[in-house]
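Colleague: Here are the chains, one letter per residue:
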Amino acid sequence: MKRSIALVLALTLGACATPPLEPNYYLLRSDATITSGALEPSREFALGQISIAPYIDQPGLLLETAPGEVRAARYHLWAEPVRDGIETLLRQEISRRTGENLLPGNRDPGRTTINVRIDQMHGTLDGQALLVAYWWLSSSGVMTSAHRFAESLPLDTPGYAALASAEKALLARFAASIGDAMATGAEPAAATDNP
Amino acid sequence: MSTEQAVITQSSNMSKVWLIPLLALVLGASVVIHNWSTQGPQIELGFTTANGLEQGKTKVKYRNVDMGIVESVRLNDDFNGVVATVRLNRQASPLLREDTKFWVVTATVGIDRISGLDTLLSGAYIEMSPGTGEAGWRKFTALDKPPLTAADAHGLRIQLTSRSGTSVGTGDAVLFKGFKIGQVESTEFDPVSRLIRHSIFIDAPYDDLVSTSTRFWDVSGISMSASAEGLKIDTGSLDTVFLGGIALGNPPGIAAGEPVTHDAEFRLYDSYDDILENPYKFGTYYVVSFSQSVKGLLPGAPVEYRGIHIGKVERILLRETMESALAVGLKGQASSLPVLIYLEPARLEMPDRESSIQKLRDALELGVRNGMRASLESASLLTGAKFINLDYFEAAQSASMGSFMDYQEIPTVETGFDQLQQQVASILDTLSDLPLLETVETANAAIASLDSTLESLNGLINSSSTQQLPAEIEGTLRELRATLEGVAPGSPVYQTIDSSLLRLNRALQNLEVFTHTLAEQPNAVLLPSAPAADPIPEAGK
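Line by line, the protein sequences give chains A and B.
Numbered per the working numbering, the first sequence spans residues 23 to 217.
Numbered per the working numbering, the second sequence spans residues 30 to 570.
Mixed in with the good hints, there may be bad ones.
Just a few of them, taken from the derived set where beta-carbon distance is under 10 Å, the chain A residues facing chain B [claimed, not checked]:
| hint | residue |
| --- | --- |
| 1 | Leu43 |
| 2 | Leu83 |
| 3 | Ala95 |
| 4 | Glu102 |
| 5 | Thr146 |
| 6 | Ala151 |
| 7 | Val154 |
| 8 | Pro176 |
| 9 | Leu177 |
| 10 | Gly181 |
| 11 | Tyr182 |
Just so you know, these hints were derived from the structure itself, not from any lab.
Don't be surprised by glycine CBs; every beta carbon is placed ideally from N, CA and C.
Same shape as in the complex, but just chain B:
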C-alpha cells in the first residue's frame, strides 16, 4: 500500500488584510507629498481688529483665486491689534513683496458705492494686492480700507494743495471734460503749512493729459451765479454733485506744457472762474513801499506795467511793518507801508515756467537801474480804488533793488493825484503858518506912512525948484558928455596924454640909465666917458 506523502508547502504568512494599511500609507504619503509640493509660505498679517477673520475658514484671495487660508488669529504683543497667521500656497510666494497690500473684504453699502455683497454668503475674505517692491517679505500690516488704486496700477500720482477747505474727499472722482479718469486717493490737512493736501491718481493712458500747464479745480456740488444774463448753474458729473470731485484741464489760450513726473505738486483752485482769474502757475513776490496813503489799495488790485496787467496785490505787510518798527525802536515815527505784490512772467508773454521767474527778476533789476519805479495810481476817482503801476521815470536816478524781509523791494515814486494832493496840502500848511494878521497890520501901518511920504513927495515934486531940476540935470549931463568926448580915445587930449606918457616913459628910462651910470661912475657928470655902444647881433647862420 502506497502511502501518499503530504506535500508540505510553506504558505505566505502575510495576510491580505495588511494591504489596507499599506494602501493607506501610500495614500497618506501621497497626500503629504502633495501638501508639501503645493504648500506655500506662512505669513503674518497685522489687523486693527479680527472682524471678519476666522481661524481655518477665512481665505486669502487674489483676483478671486484662493491663495491661502488663515491658520490662526491672536492678539499682538502690545494688545492693540491682532495678528493673523496665514498659510499661502506656493503660487503666492512671488507675490509677497515689500509693498504688497492686504485688507479684509466685507459687504459695504455707502452713498458712494455698494460692494462685497457676495461675502454675505461666503463670509469675509482677505484680498491681496501684490506690490512691485523687494520680494521675500513675510510680515505685513493690513489696510483698514481697500486701497483705491492697485499697487501695480499704471498711471500718474499727483499732489494737490488747497488753501481753503473743499468738499473733496478720498475716493472722489477726477474728471476731464466730465469723464472720470482717476480718483482721489487721500485727503489730509498739513498743520505746518496749513494747507489741505490731496493725493490723486490719474489712470493710464489719461496721465498724458497732465502737463505743467494743467490746472485742477474743485467741481464738488453745484455752483450757481445770477447775473444780467440769467441764472448760471455749473456742475460736474452726477456723482460729483453729491460726493465731490476734481476737474482738470488747460486754461484757455495756454498750450500744453511739459510732462510731469510722479508726485508733482499742483494747486487746487476753488473753481474754474478762479483759474480764469489766475491762469498762470509761476510767479514771484516783490515788495513796494509807499510813504503816502494806501487807502483804496485792496488785495487783488492789479499791478500794471504801462497799462499791461502783470500781477496783483497780495496784501499790505502791516503786521511785519509793526514788528520791524518795534524791533528797531521806531516808536511813533512815520514809516512807509510795504505792499506785497505777486508778478507773473507769463503775463509778459514769457513761457509759464519756473525759469521765466529769473528772467523777470533780471529784467526788473535792469529796469530799476534805468529808472523804473513803482507808483500808486488811482483806478477810479469815484470809488477811490487804486492800483500799482510800474513805469520808467526820467527824473529817477539809477538805483538798485532793496529788500524787505525775504522779498526784493522795488523803489517807488509818488505821482499823480496823490502827489498833487500832498503838494496842495503842503502849500496850505505853509500858508497857514504865515503870520498873515501881523503882516496885514504892518502893511496897513506902512501904507499909512507911505501916504504921508507920498504927500510930502508930491509937494516936493510940485515945487518950482524941483520942476527946474530935470532941465538942469540934462544940461549937466550934456556938458559932462562933451567933456568926456574931449578926453575919449582918438581925441586930441587923449593923443596928447598918450604921447606925453610915452615921452615920460622914455625920460624915466633915460633917468634910470643915468642913475645907473652915476652909481657906477659918480664923476660921470664931470668926467663923462664915451657912451658904451649897444652890442651888435651877428648875422644869422
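Isolated chain A (complex conformation):
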C-alpha cells in the first residue's frame, strides 16, 4: 500500500516536472510607417460590415492538414480576436492605398460603404497561405458593385510565423485590390496621413 502511494506521488510530481509549451501570439497590423498628425475622415467612403467565416473566428492559426480537414494551432495564436485584427489591417491598408481615411466610428449613412466577407483564411501543410474573400460597395442599402478576391502565397520559411506573415501579406493585397477598384470607380480624396 505504501509502495502504491509512493508511486502515484512520484508520477504526479514527474508530471508537474514536464515543462509546458509556451504559446506564440501573432498580430495583424500594417507594415506601413505610421506618423502622427490630424486625420480628415473620408466624406465619400466608410468601412462597413466585416464578416468572417465561423471556422476562422478562433484564436489559433488554422492549418489544412488534409483536404477538407482543418486544425487550429494550440500554441500559435492570434494576439486579438481575428475579426478585430482583420478589420484594423484592412482599414489601415485601404486608407493608405486610397488616401481616404476610413476611421472607426465614422458611420455617416450618406457615404458609400465597403463591406467585406472573409470566406477562407488558412495555411496548408505544403507551405501555402490561402485567402478567399468578397467585397462589395453599397449606397443607401443598395449594392452597387461586388468583387471577389482569391489568392495564395507560399511561406518563406517553415512555421507559423511565416504563415501569419503570409496571411498578413494576403490581406494587404486584398486591401490593395479594394483600394484600386475604389480609385478607378470613384474620385479619390486628397492624400492624407495613414491612420
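With chain A's structure known, arrange chain B on it following the hints.
Modeller: This is chain B only, laid out in the frame that chain A set:
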C-alpha cells in the same frame, strides 16, 4: 308572052308591136335589178305606241338622209307594244349595230327646247343613231325620247350621287365657268342606297377638265343670302335658273388630280359653299366613345389634332349603342356613347387620294400606341359647344385601336373642364356622404371631455411636485449620460470588459481542449502525457 313570076319572100311574122312588151320587160328587169342592188336589210323596231308611224310612208333617216321606210306596223305578240318592219337601203347595213338607237322624231315644244317643227309638214320620221357595238343586228327597241348624247359622241360619262333632293333633271346643262360643256343624261333614285344618281356626259374636248380633284355642285335656280356685306345672289346660266344645272370646277387651293375614266363616281354637292366646307374627296370614319356627357357636341363639330382641323363629327351612334346594349343585355347600365367622326387626310397635307386614307390609318394606329387619345373639349364656355381633340398624353399607356361595329375606335381620355367638373362632383358626393352631424356631436362631446381633462392637467402641472419634476428628470438624465459614458467604447470599463471577454474566450478554448483531452485520456490529470505539438507547415515552393 312572058309571064312574070311573082317572087315570094317570106316576110317576118313578128309584129313590131311586140317591141313594146319587150321594152317593158327590159325596163322591169332593170328596175328589179336596181331594186335588188339598192335594197338593204329588213329590220324590226319595237315601239311603245305606233304614234307617228305610217305604213309605207314613215321614213328612217340618219343625219337627214333617207335610209329606209316603214313597210308594216303591227302589234307585238304580247300586245303591249308595236313592231314596225322597216326596209333599209344597202347603205344602212353597216350602221346596224348592237347599240344603234332608233326613236320617232315629232314636233316638240317645251320649256327647254322646241324641235322637230319640220315634221309638222313632212310627217314624223324615225331617226337612227348608229352605235359602235357588234354589227349585224336586225331587231331593236326604239327609244321613247331622243337620246341626249349620240352613241358615237366623244366625251366622258360621269356618275354623280346626291344625298338630298335637287332640281337637276334629265337634259339639264353641265357648266364650267358658266359655259355649257355637257348635259345630264339621266336622273334616278336608288331605293337601296337612298341616293339620287345622275348620269352626265361631258363633251370632248372639255372632258379633260374633269380629274379626281373636280367637284360638282348644283347651280339650279337662284341662291340668295343676306349678310352684313349685303344681299348676295348666285345663279348659273339663264337656262339653269329655270331648268336647273350642274357646275364643276376645282376647289380653291387644290390642284388638278389624276384623269378619270368613264362612269367614275363623284358626289353632287348642294352648293358651292358646301364644297368650300367639304373641299376634300377622300376621308375615313372612326369612332370615339365618351363616358362623360356629350352635350354640346353637334354633327359637323370640328375634329382637331393639336388645333389643326382634320375632320368633323358625323353623328352620335345612339341607336347603334342601344341596339348593342340590348343585344348583350346591358339594361339600365351606363355605357359610353360612341361618336362617329370623319377624318380627311388632305387636311394633314396628304394628297387627296384614296391611298392617303391608309397612310392616315397607319399614322393613327402608331399614334395610339404612343399615347394618342381623343378628348372632348369645350369650344366655347358661353355656347357650350364642344369639339373633339386628338393629342398625345404622357400618362396614357400604350394601347391599340378598338372597334365598334365596322369602325375602328380611337381610345379616349377625359380632360379639361368636364374632368374638373366630374372631380368636383365626386368630391361633393363624398362630402355629402360623410356623417357630418354625428361627427360634430361626437366632436362636441370630445371637446367637453377634453376641457375637463385640461382642467385636471392644468391642476397637475401647477402642483409643486410637478414643477420640480423637470429638474429631477434633467438630473437623472445627466447621471444616466455620465454612467453610459463610463461604459462607452474606449472607456476604461469598456476596455476592461473587452479584455475580460477575450481572456474568458481563451479560457473557454483551453477548457474545450482540456475536456477533449479528458475524453480521450481520462487519466490525463494523473498521468499527463507530453503535450502534442502543433503540426508545422512547410516552407512554400
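Colleague: So, for every hint listed, does it hold in this structure?
Modeller: For each hint, the structure was consulted:
{"no.": "1", "hint": "Leu43", "result": "5 Å, holds"}
{"no.": "2", "hint": "Leu83", "result": "8 Å, holds"}
{"no.": "3", "hint": "Ala95", "result": "4 Å, holds"}
{"no.": "4", "hint": "Glu102", "result": "7 Å, holds"}
{"no.": "5", "hint": "Thr146", "result": "7 Å, holds"}
{"no.": "6", "hint": "Ala151", "result": "8 Å, holds"}
{"no.": "7", "hint": "Val154", "result": "17 Å, violated"}
{"no.": "8", "hint": "Pro176", "result": "2 Å, holds"}
{"no.": "9", "hint": "Leu177", "result": "4 Å, holds"}
{"no.": "10", "hint": "Gly181", "result": "6 Å, holds"}
{"no.": "11", "hint": "Tyr182", "result": "7 Å, holds"}
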